[in-house]
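Just so you know, the protein sequences line up as chains A and B, in that order. Take the first sequence: its letters are residues 1 to 552, numbered as in my numbering. Take the second sequence: its letters are residues 1001 to 1542, numbered as in my numbering.
These aren't lab readings, by the way, just hints derived from the structure by calculation. Be a bit skeptical, because a hint or two may be false.
27 angstroms max Cα-Cα, derived BS3-like pairs, lysine-lysine [claimed, not checked]:
1) Lys269/A to Lys1259/B
2) Lys218/A to Lys231/A
3) Lys93/A to Lys1259/B
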Amino acid sequence: SHKQAGNNQDARKMSGFGMQPGIILLREGTDTSQGKAQLISNINACQAVADAVRTTLGPGGMDKLVFDGRNVTISNDGATIMKLLEIAHPAAKTLVDISMSQDTEVGDGTTSVVLLAGEMLKQLKSFVEEGVHPQVIIRNVREAGQLAVQKVSDLAVPFDLDTEEGADMLLKTASTALNSKLISSHKDLFAPMIVEAARTLHAGGNLEDIDNLVAIKKIPGGDVRQSFLVKGVAFKKTFSYAGFEQMTKQFTNPKVLLLNVELELKSEKENAEVRITDPDQYQSIVDAEWQVIYDKLDACVDCGANIVLSKLPVGDLATQYFADRGLFCAGRVENGDLKRVAKATGAIVQTSTHGFHEGILGTCGFFEERQVGDERFNVFTECPASLTSTIVLRGGTEQFIAESERSVHDALMVVKRSLTSKSVVAGGGAIEMEVAKYLKAYALTIEGKGQLIVAAFAKALEVVPRQLCENSGFDSTDILSALRRKHFHDEDGKWFGVDIIKGGICDTFEAGVWEPSDNKCNSLASAAEAACVILSIDETVINPRSEDPGGA
Amino acid sequence: MSMIYDEYGRPFIILKEQQAKNRVKGLEAQKSNILAAKSISSILRTSLGPKGMDKILVSQDGDVTITNDGATILERMEVSHQVAKLLVELSASQDDEIGDGTTGVVVLAGALLEQAEKLLDRGIHPVRVAEGYEKAAEVAIKTLEEIADRVAFSKDNVEPLVATAMTTLNSKIINVHKRKMAEIAVNAVLGVADIDRHDVNFDMIRLEGKAGGSLEDTELVNGIVIDKDFSHPQMAKVVKDAKMCILTCPFEPPKPKTKHKLDINSKEAYDKLYKYEQDYFKEMVQQVKDSGANMVICQWGFDDEANHLLLQNGLPAVRWVGGVEIEHIAIATGGRIVPRFSELSAEKLGRAGTVREVSFGTTKERMLVIEDCANSNAVTVLVRGGNKMVVEEAKRSLHDAMCVVRNLIKDNRVVYGGGSAEIACSIAVSKYAETMVGVDQYAIRAFADALDDIPLALAENAGLSPIEELAAAKSRQIREGSSVIGLGLDQVSEIDDDHSWDMRKLGVFETLIGKQQQLQLATQVVKMILKIDDVISMGQYQ
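Whole structure, please, built from the sequences with the hints as guidance.
Here it is in structure tokens:
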């Protein structure tokens, strides 16, 4: 394939000059292609990528199973799939990037952003083919994109968090995010959990740090309905040594000491050697070593702590020492967990055992070791600064839990977004239809090529409701025309979208299919941006790989 | 994956290593996934129920396992297909949570997929099928709750527990001795159970196996059995009123952890070192003696010199006891683990009524039995059997039985076995199907049909005519309005010439939570499989 493309370049160079030899500018084997052909080719590649994820959209959307030779992922999450596909096409990679940025920015809507960008390119392709200059198209697409975002913001329905209605709104946005996922039928269980976790953070003003403060723990086994929320911190029992079982495993109002210190009997200095000349000294060295570890342990006990957690190992000696004195300890606690405990209990992580004082100790209302399925969990609840939560997921298989985790994470992000933007729009394709109607009307007010391009942009937006219908097995043409009519004629028709359950159309705002408005703004803006990027490329230069195995 | 060409005939390379990737899409993907899952469940189908057959599994190293435990079979089969693996995990998950019903859950998932395939052929959207299944599962689970009975038991009346354990053991190789085994399982669990809190700490039950003897020699030891013997053959074989010190330090002069070097440059210095070591041994033994101990348990080894000293001082000792065992012994005897000789004291000693070394038959193998411990909440089941495979299978079966007993202590509701619960659910679900409008009706009815597959498989495995038996039992359930009619398999019915029986009379029951979990897990996995419409894989996807 490279050769053929390379020859293209030579042929083109020669064509103007008859029999003159071609001028070789680039290293042999370099693949270049340019102009309109390149543009069209890039658009096609993007469409192929959008086609790969289009069936995952919405409640009727299907999952993908991706097997990379070692791991299996079953997912419905656009960003996850795009990442796993390992897309190599340079232009199509843009779509992966917008999906990723949607994921980091909003957390949800990662499929629809790819779909929108793909569809925009598809609608605009004919203009490129007809010879409209890409810059003209880009200018108008930019304008249409900005107008669309503006319209979404205008349409957005604000809500007040403190009212009961506001709380209900949050619940519904979380449910909407879960609709297309594997755990959709358990959204009554998960949505309140997610809202609860996000609201606790919001109340404490730590919403931005949601990724670190809300932990999602997975325990394979059991039933999905056994998943639960811990208001506080929970983490899996760490590796333990003999003596662990004899420790006290339950405390009320314990003092918590957090360490980044190794509590083990070991050589204090690496690469040091002690030379002993007199056997009498032997014992003193041994004693000195023991003294070092005992001093550390004594410091922990003397400062009044009941629970000692360390990021580094806590050895068997320390385990037994603490067990004898009625303390609880755990070593090799993961960094994230330790930070959450610190945040929740108010303890300060210590890197040395010197200078402990009352101020560094944290506390919580209740601590216990709890059995969850096959695993044991350390659970801190009723923390003074109720800032952290842990969602414990259960489920039949590893893949099931992994997908549940992604879904819960998405929903969490959606709730977070709603909390910051404090406004929602109706989903189910309703907002897209309304924006499309607005843009179509606007297109008629402008002169020139822009009119056609803005209209094409508006048409591209309709892909969302169309795909929703197709994925659920309904006739998209019928439903779309019904929707267009409703939005055009009816003053109150602005929130009409696809009725996924019965087929046909319904007021999705009434039905409680809500998405945060930020989500839509972001996906419209980044899809338009991606389309512009693709349209502005007119040449690709691919250097030959230094080694070409197989010589394809 | 095949190439895509643009209008100019140039191929795109969209994905990395596109040619090496395989892609199956749409209905084809669902079909191939269903096929894979079905073939797994059809392997397990013949192992279901009391007449189920065993499988022999040979590992890469030539280890042979004979079992009819679903989770074990699947685990040892080393399944490589990605969707089939989901079923393996499904079974494992039932095993972790409930401990029993690991075969049933896979058979049910297989049946659900088989039914789903038919619906897909009719052009019904897979997500619709999955949603219908979920609705049906909800109804079935509710039905189970309605037909469940509470069994009353107490420490003095354990008969219901034994009966349930026996149902579990029915299908196992050890069913000849099921009464005895069930009693062992029940007593073991009750030994560690906290009935008021409905809590059972499984860590306190140890299952030890030793090939030799017969299954009947299996016994429950009220204490701990470890596969170790006393360090010196002349040590006392029995220690009464044992006061043991539990040590995690070796019987030797302690060495500094820091790298060290001892230069000896004169004979005097050498003698001094020798004397130092000698004194150390003596001191250690003296410290043990002073604490009042009459026995030593040590996590590490000790050399002949220490061994000799211990023998001379009448201190039977055990060396190289693993960390887990050390912990168990410490908990059971109420002792503390001591890391240094200088920390020994009388109150840190563990106490046990008797510690004895037992030998088996003519072999030299010995085990140490620690009985009548201070905190008598640790028990050990010592499993004996003709060969290693039987012992292993017996251990697995006992584990299953103990899980069932534990579940009953946690939640004492039961449903009746012999397929009766499935038939009752099937009747309720198909009734529910008739009230539904639209595609759901089909999916829900399919769920009911899938439920029937369990009694069908039971009958099939017992060599009965499956359809006749199912029909007879089902019609009797409806006719008599009783949800406890199932397949008796061995007993011919008192009414007709079939095998339908009142399972309550036969005393065949299973825990409610186990059954509910089966339905829930199977439905979840089926939904997961049905939702996949696109499979992208590196290399060949079989």
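Each hint, compared with the structure:
Proposed proximity of Lys269/A and Lys1259/B is supported: the alpha carbons are some 9 angstroms apart, at most 27 angstroms. The straight-line distance between the Cα atoms of Lys218/A and Lys231/A is roughly 16 angstroms, inside the 27 angstroms bound, and the hint therefore holds. Of the pairs offered as hints, the one joining Lys93/A and Lys1259/B is violated, with about 55 angstroms between alpha carbons and a cut-off of 27 angstroms exceeded.
Taken one by one, the earlier hints fail for this structure only at number 3.
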